[in-house]
Amino acid sequence: MPNVYDWDETVVYPNSGVTFVAFCMWRHNELLRYLPHIARALLGHRLRSGGKKPFKAELYTFMRDVPDWEEEVRLFWELKADTMLRPWYLAQKRPDDIILSDSAEFLLRPLCEKLGVRMLATPVDPATGLLTGPDCYGPEKLRRLRAEFGPVEIEEFYSDSLHDAPLARAAKRAFLVKKDERAPWPEKKL
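Residue numbers (my numbering): 58 to 247.
Heads up, some of the hints might be wrong.
Unchecked claim - 30 Å max Cα-Cα, derived DSSO-like pairs, lysine-lysine:
1. 171 with 150
2. 236 with 150
3. 137 with 171
4. 235 with 137
5. 137 with 236
6. 229 with 150
7. 150 with 235
8. 171 with 235
9. 171 with 229
10. 137 with 150
11. 236 with 171
Stated by the list, open to error - Pair ranges (Cβ atoms, derived):
12. 241 with 210: 17 to 25 Å
13. 244 with 209: 19 to 27 Å
14. 72 with 240: 33 to 41 Å
15. 187 with 72: 17 to 25 Å
16. 210 with 93: 45 to 53 Å
17. 204 with 139: 29 to 37 Å
18. 166 with 79: 19 to 27 Å
19. 131 with 101: 30 to 38 Å
20. 187 with 153: 30 to 38 Å
21. 219 with 148: 24 to 32 Å
22. 204 with 150: 19 to 27 Å
23. 209 with 125: 34 to 42 Å
24. 166 with 75: 12 to 20 Å
To be clear, the hints were calculated from the coordinates, so they are not data collected in a lab.
The beta carbon of each residue, even a glycine, is placed where N, CA and C say it ideally should be.
Whenever a hint applies, use it, and build me the whole structure from the sequences.
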């Protein structure tokens, strides 16, 4: 039975998508023109008026102007992985781990392959920055897990977000992660 993990704020800190956007804009100043669009989408997301999908659609639109997205992702993880990966995760990582994330699949895939773990994430076309399928968030994570791996039994589940309660309910044991602290999932939140 595998252990299943959320990614951002759980296995890595801080949010990898936002950190990647900042990294690209720092390296390519011409991408700064996308900041107003991203800020507007973030405000809508925070106010819950826009939801997550419009935010994701705006967050990655800058990708169409990134000269070599594969190189950007490679360099990003080369420079950031050691400081972003949580030591507690690396200490307990297993080859049958499954990462489920609402971050962009193109961003997570190279590092998950290097770590030797399986991963399901939000499908985003790196050439356009547009979502090509459902956001891997909340109940969608459990649906995607079952669609990809069948009726898998989850030994342990780790997440920083109560939105992942469907996965917590499906696991033998679930843990809520806050920074480097892992506590049993609150019973009343199952």
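Indices of hints not satisfied (ascending): Per hint list: single violation, 14.
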